Structures are given as C-alpha cells and as structure tokens.
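These are the residues of each chain, in order.
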Amino acid sequence: MNAMGQLQTLVNGIVLGTLYACLAVGFSLVWGVLNIVNMLHGSLIVLGGYITYFAWHSYGIHPLLALPAVALLMYALGYVVQLLVINKVVHQPVLVTMTLTFGLDLILYNFMTVYYTATPRRVTLDLGATVIGGIAIPFDRMLGMVLALVLTGLLYVVMRRSRVGRAIVAVRMDSAAAALMGIKVNRIYAITFGIGALMAGVTGVIFAMVYPVTTNLTGIYLGKAFVICVIGGLGSVQGALVGGIVLGIIESFAGQFFGPQHAITVGFLLMLVLLVVKPTGLTGIKGYE
Amino acid sequence: MDRRLQYILFAVWVLALASTPFWASNYIVRLAVVVAMYSALTLSWNFIGGFAGYPSFSTAAFFGLGCYAGALAQRAGIPMVLAWGVATLATGAFAAALGAIILRLRGHYFAIGSIAVVEVVRLVISSWGSLTGGGDGLNLPLLSGGPNAVARIFLIVMVTLMIVTFLITVYVDRSRLGFGLRCIQQNEDAANMAGVNITLYKVIAYTLSALFCGTVGAAYASWTGYIDPTDSFSIIMTVKVPVMCLLGGPGTVLGPVIGTAAFTLLEEVFWANFLDYNRAILGAVIVILIFFLPGGLLAISYRGLGARLFGRRKAAA
Amino acid sequence: MTILVAERVSRNFGGIRAIDDLSFALNQGEIVALIGPNGAGKTTLVNLLTGVLRPSSGHIRFEGADVTAQRPFEAARRGLARTFQIVQPFPRMSVLENVAAAALFGGKQESVAAAMGVAREQLEFTGLTAFADRPASALTLAGRKRLELAKSMATSPKVLMLDEVNAGLNSGEIDGALALIHQIADRGVTILVIEHLMKVVLSLAQRVLVLHHGQLIAEGPAQQVVRDPRVVEAYLGEKFAKRFGVEAAQGEVAHG
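Residue numbers (my numbering), protein chains in the order written: chain F, 1 to 289; chain X, 1001 to 1317; chain B, 2001 to 2256.
By construction, these hints were calculated from the structure, which means they are not laboratory data.
Only a predicted model underlies this, so the values are computations on that prediction, with no experimental measurement involved.
Take the hints with a grain of salt, since some may be wrong.
To be verified - Here are the in silico distance ranges between beta carbons for each label pair:
| id | chain 1 | residue 1 | chain 2 | residue 2 | range |
| --- | --- | --- | --- | --- | --- |
| 1 | X | N1273 | F | L83 | 29 to 35 Å |
| 2 | X | I1101 | F | Q92 | 24 to 30 Å |
| 3 | F | Q92 | B | A2138 | 19 to 25 Å |
| 4 | B | E2063 | F | V164 | 34 to 40 Å |
| 5 | B | A2065 | X | I1101 | 25 to 31 Å |
| 6 | F | P260 | X | I1008 | 56 to 62 Å |
In this text, a Cβ means the ideal position worked out from N, Cα and C, and glycines have one as well.
So that you can see chain F by itself, here it is in the shape it has in the complex (with noise of 0.2 Å):
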C-alpha cells in the first residue's frame, strides 16, 4: 500500500478513535470513580441510538437538535438507577457490582429488543464526502468527530472548572476523605453515574447519524469501552481519548491488514497483552482494581 493509502488509514482510525473516546468515557468516569463496571453501558448507547431514530423517523426532528433531549433524558435515568438500585451495592466484591449491572442490562436489552426489534434502523443524512489533500472524510463522520470532540472537551472542562467536576475528582481520589470534607459522596456517585449515561446516550445520538442502530451491537460497544479503558487508563477524559485514539488507529490498520472482520480481535488480544503487562494504561493512570 502507498503512502497515500496510509495515510487514509491513519486518518480514518483518528476520526474513528474520537468517536471511540466519546463512546469510553462516560464508562471510564463510572469506572473510576464508582469502581463498578457498568455492563449497562452498550445499551444505554444504543438506546440513545433507538431514541434518535425515532425522533428522526417518525417526527423529522434532526438529530442534532435530538441531542439535548437525549443528553437530558439519559442523565434523568442514569441518575436515578445510580440512586435507587446501584448505591446499594456500590462497596460490594466485583463479583456482585457486575453481575448485578449485567442483570440490569438484561432487562433493559431485553426491552429494546422486544419494543424496537433487532432490526437495524438507519438515519439516512447523505451529507457526502470532503476532500482535503487526497484524503477523503465522509461528512457524517466528520460531524461525528466534531461533536465527540467538542462534548468530551465540554466535560473536561466540567471536570476540572465546575464545583461539581472538583467534587467528583476528589471522589474519584478518596471517596472517604471527600465525605469528611463534606462532599456528599452519595450524590456525586449518582450525579457521575448520570454523566457516564449522558455521554452514553450522546455517542449514540452520534453514531446513530454514521452507524446501522440494532441492539446487536450493545455487546461490541460494551468490550470497546472496557478495552479503551484499559489502553488509555480509568476515570479520566484525557485516558479515554488517548485510548479511543489508540484504538481507532489501531483497528483501522488491522482492518486493512487482516480484514474488517479481525479488526475487533486485535482490540480484545490488545487488551489482554496489556492487562498483563501494564494495567493502568499508557497514561500511567492508576485505576482501582
């Protein structure tokens, strides 16, 4: 392959990756933050997916202007499982936090599926291709990139400005020293599982306008999460875009090397390899256990 031909790679895996950033980081901050794995999570993204197709299909409301509702409406129902079911088993062995988010995931998967079919839906814009300097980027995606980077930088601001965003942070560092400080620590889990449902539910908004929505994917979604995390490391936003990036990158090469079907292998071996040998992730960030 030449040069030129490279290059297309590259770029494909970077605009692929920040869509991969926006997709990991909300599971990065529960992650981190609550130290639950959130098996919710490829399903919460494809019912971000689901909720614009319908905006889409059956009222012609656009899925930009679908954004909001859905970043709205996703928090609502991340904020209140977070409080009404996941605060109870939040200091539990792993064993229990997943396998209960797993249960929790079952029913919601199951509905999706009974209410909306696995039938894939699509969101047709046929926004076209740009061309700059030979390389070509199809426009949904470049929309894509852009939405993803501007919401994950709309949240590291949040996370590092906000009195919210220092409070989670704090959390994040000591769950016990933020309560003697007078953070309430329930709160904060509730509010920061709330922001990982958001972004879950905005990735889906985003990748309903590039990608096929059908609850098949939830499971392919969820493994790319949890790989991203472990390349790039926990809790942070600067872990999930170096991740999603690396990743992005990574399967777009291998896709062009041993087919689009292995390009989703190379991930998971990727993640082994590095769960043995370096677990916090290129950016050194220290994930609990």
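Keeping the supplied structure of chain F fixed, place chains X and B upon it in accordance with the hints.
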C-alpha cells in the same frame, strides 16, 4: 450446616434427578439433564470463584473448548468416552497455562480478562474454519435409540459428572488446598506472608474450575450432535453459572447444587410462560438475588427464621 | 554466627532510591533495633528481606544461602517471619484458624489437625486462648497485634522482624508486648524490631541500626548510637539525646 446433613441432601437430590425416567415426562428428564449439567459447571466454578474468591467469567471458554475438543476428537475416530477424556485434559492444560498469566490480575481486571478469554477463544474457533467449520458449526455422530433413550443416557453421564465434582469439592473443602484458598480469598497478601504458595494454589483452583467444564462440554456436544461457536461460547452461560453459585452460597460445598436447583426452578417457571422476556426475567432474578440474598440461600439463618415463624418455643429449645 | 546478611542492597522506585547500598548482618540470637525517621526506608528494608520486594541490586543471604529472589511464602517457610504495621488478619476466620493457617503453611505442619495443635500453643503463649473461636475481626488493636505475633511464631521462625509492634498501644499493653518479645528471644529466635519508642529500643536491643534516607548512618550498641551526633541530628534531637544519654549511662539498657 451439618456435614452429614449436606451429604444426605445431596444424595436425595441425585436420586431425584437420576430417577426421573421412571416417574416423569420426557421434558422433565431433559430438564434433569440440564440441571445436572449446570450443577457440575457451578461446582467447578466454585473452586475459583467461591473458594479463592476470584470473579471468573471464563466458564463458557472452558465449556466451549470442551465442546470443540470433544467433537474434533470424535470426528477423528476416537471413541466417545475417550474423546471426553481428551477434551478434559485439553481444557485443563489450557486453563493451567492461561491461569499462570491471568491470575496475576485482581478484581475488575481479572473479571474483564476472564471474559475477554471467552471472546478471543470464540473468535479464534470461528475464524479457524478449516478445522472447526467456523460459523457453520460441526456435526457429530448421534447415538442411536431416539432422543428419549439418548437423553436418559446423558442423564446418567451428567449426574455422574455432578457427583464427581461434588466429591472433589468435599475433598478440597477439608484439605490443605481448601484452607489455603480460603486464606487467599480473605487476604491474599497475608496468605502469601503466612506461607501459602498463592500462585500455585490459584492456578490449581483455576484448572479445577476448568477441567470438568471441558468434560461437560464434550458430553453436551455428543448429546446434541451439533455445535457452533455462538452457542458453545455463550456469554449468558458464563454469567448464569456464577449467579447460580451466588444464589446458593459461594465457597460452600452444597451451595452450588442448591443454587443451580433454585435458579433452574425459577427459570422454568418464568421461561415457560414468557419466552420473549426470558432475558429480562433472568436480569430481574439477578437483581433481586443480589439485593436480598447477599450470602446466598445457605447463609440465611433458618433457625432464626423458624423461631420467628413458630414462636419462642422453638428458639428456647 | 551470622544468620541474615544484607550485602550492598539497593532498591529504586522509579527515580527514588529508597534503599541505598546498605550492608549489615544479624547474628544468631541477638535482638537488634532498626530506628530512623519516617520515610527512612525501614519497612522497605524488611520488605526486601522477606521477599515482598526484590532488591534492584545487591544480595541477601539467610543461613549462608542466597535468598535475594525469594517470594514471600518461601521466606515464611524458611523461617523469616515478620509482622505488619497495619495488621493483616484473615477477617472471617477465627483467631485459632488464623494462627493455624500460619502453622500449616509457613510452619510446614503435616495436617490441619497438627496445625491446630500448634496454633493452640501459640495462642496460649500470647494470651489469646480466650478468643480462640472469635472471628479475628472482633479483636481490639492490642489483640490483633498479639495475633500477628502468634501467627509469626506459628511458622517456627528463626528470624522475626517486628514492624512497629507497639504502635497504637497504651503503656500497659506495651509492657505486655515487651515481656512477650523477651520470651521469644529466650527461645533462641533472632529479633529485628522497627521502633520509634526509644524506651523500648533501649530496654530491648543489644545493637541498634539507624536508617536515614535509605542509608545506614550508624550502627552499634545502644548507648553509643544514641550519642552519635549524626543520629541526633537526623532523628533524635538534642533534648532527647541528652535524656537517653543519661538513661543509657545509668544502665537502664540492653538485656544481655
């Protein structure tokens, strides 16, 4: 629970399952085979997840490997029961090698690694079409006699595997290995300092957890006559098994058996009536279980419950 | 006769040199104190000696054999026992089972039953018999420290390293702990104590090692070390040096 009572309860349950061909419908017989099968899987999981406390989600990887190893061996002409032996050894060897690497991880990372193993093995098997038939699956020679007679044969097979894994559990529970695993589960670093060879014990537990999953997988393949990657490496199975153990009481001898029985009962009651929602119901069962039964069914103080139900006379006795 | 030797041992953590070219020897049967300011590397040194950490360079020899690359459970089985500053029991096991675990594995007992027997002896020795069947998590801090001691004794150690065994104890409990340590020494066990309490150091130790920034800055009999100006500057301070100097001179010192 008193040891002898445990053994008696187990024996009664085994008899109940094994005798189903004599008093129950063919449907119930098939259900009994599945219960025995899952009991063996859950008892196996108990070694790594219950005794050692490592949240493994690898059951489907071992079961699936057993399916394929057994199927390939049979198709190569090896007699059925020997093929099961081959599958057992192959799965055990795989687990031992994998364990040496993956057991360095703890908590969430171990859990995720163990799920990733299922996915990677499934993908490898799917892709290696020339050997495994890929997504089209593999056919095996079916036993003659018709489905009902064959089901009865495999009832005996699965019940035997259930008994074998139970006996090994009893042995481990009372042995040095069991003691060491419990130490690892409660405080791995302290166990290390106290002189427990933690790496060796963890690998043994992980291998034990895999061995009979391989046998069960191979036997299952022989029973159904057809396997494919999606069903052999099912994420649902890999999550159901730990849940069954959680339901009964992890780290105990009888817990896995009780949990499997209770879970299957629940599943039957709901599945039969609400096929479309069976995943949601499984999910709901899991959620309710975790809320109300943190130690599993065996951890409920039945004496306390009895005292409250039957008045103070019982409690004072 | 030397039983445990550290030869030019160093340990780095990233850019930080936690232990720097350290050499010393423990002789069979002696009681040695390891003192120094917080962060000097005392616990790191014990971790190196018991296989929890591996030296970045240098060697460790136990009874003549090179044990530099040993793992913690191997150290325990060889007879290199240690207690922890922050006690580490098996919380849901009984006190008896906790000690039996140490006897069974580190102490290489033949069977669970034999280990239980050894455990009962050690519980009696440390005065914990009354708590034998209570869960370890139910013990008070002083009780847990004794449990640590019982567990390490159950491994039949040749060398016992005590990491701030008196932290958090009141003076009555400390006296009790001291008595136990003397009894352990009488059994021929070589003891290394990490201590901040100078009264304990002076009443127990025949020799004192002083650690500062990962280096051994002084070594010798207690009276001598306590007067060493480097030790005074790094750790003791003028006021205490004077006081301990006086007490040492008055003979309230090392048990011979």
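Do the hints match the structure? See the list:
A hinted range of 29 to 35 Å holds for the C-beta pair N1273(X) and L83(F), which are about 32 Å apart. Checked against the hint of 24 to 30 Å, the C-beta distance between I1101(X) and Q92(F) comes to roughly 27 Å, which is consistent with it. For Q92(F) and A2138(B), the Cβ-Cβ distance of about 22 Å falls inside the hinted range of 19 to 25 Å, so the restraint holds. Checked against the hint of 34 to 40 Å, the pair E2063(B) and V164(F) fails, with Cβ atoms roughly 60 Å apart.
One distance hint, 25 to 31 Å for the beta-carbon pair A2065(B) and I1101(X), holds here, with the actual separation near 30 Å. Taken as a hint, the range 56 to 62 Å holds for the pair P260(F) and I1008(X), whose Cβ atoms sit roughly 58 Å apart.
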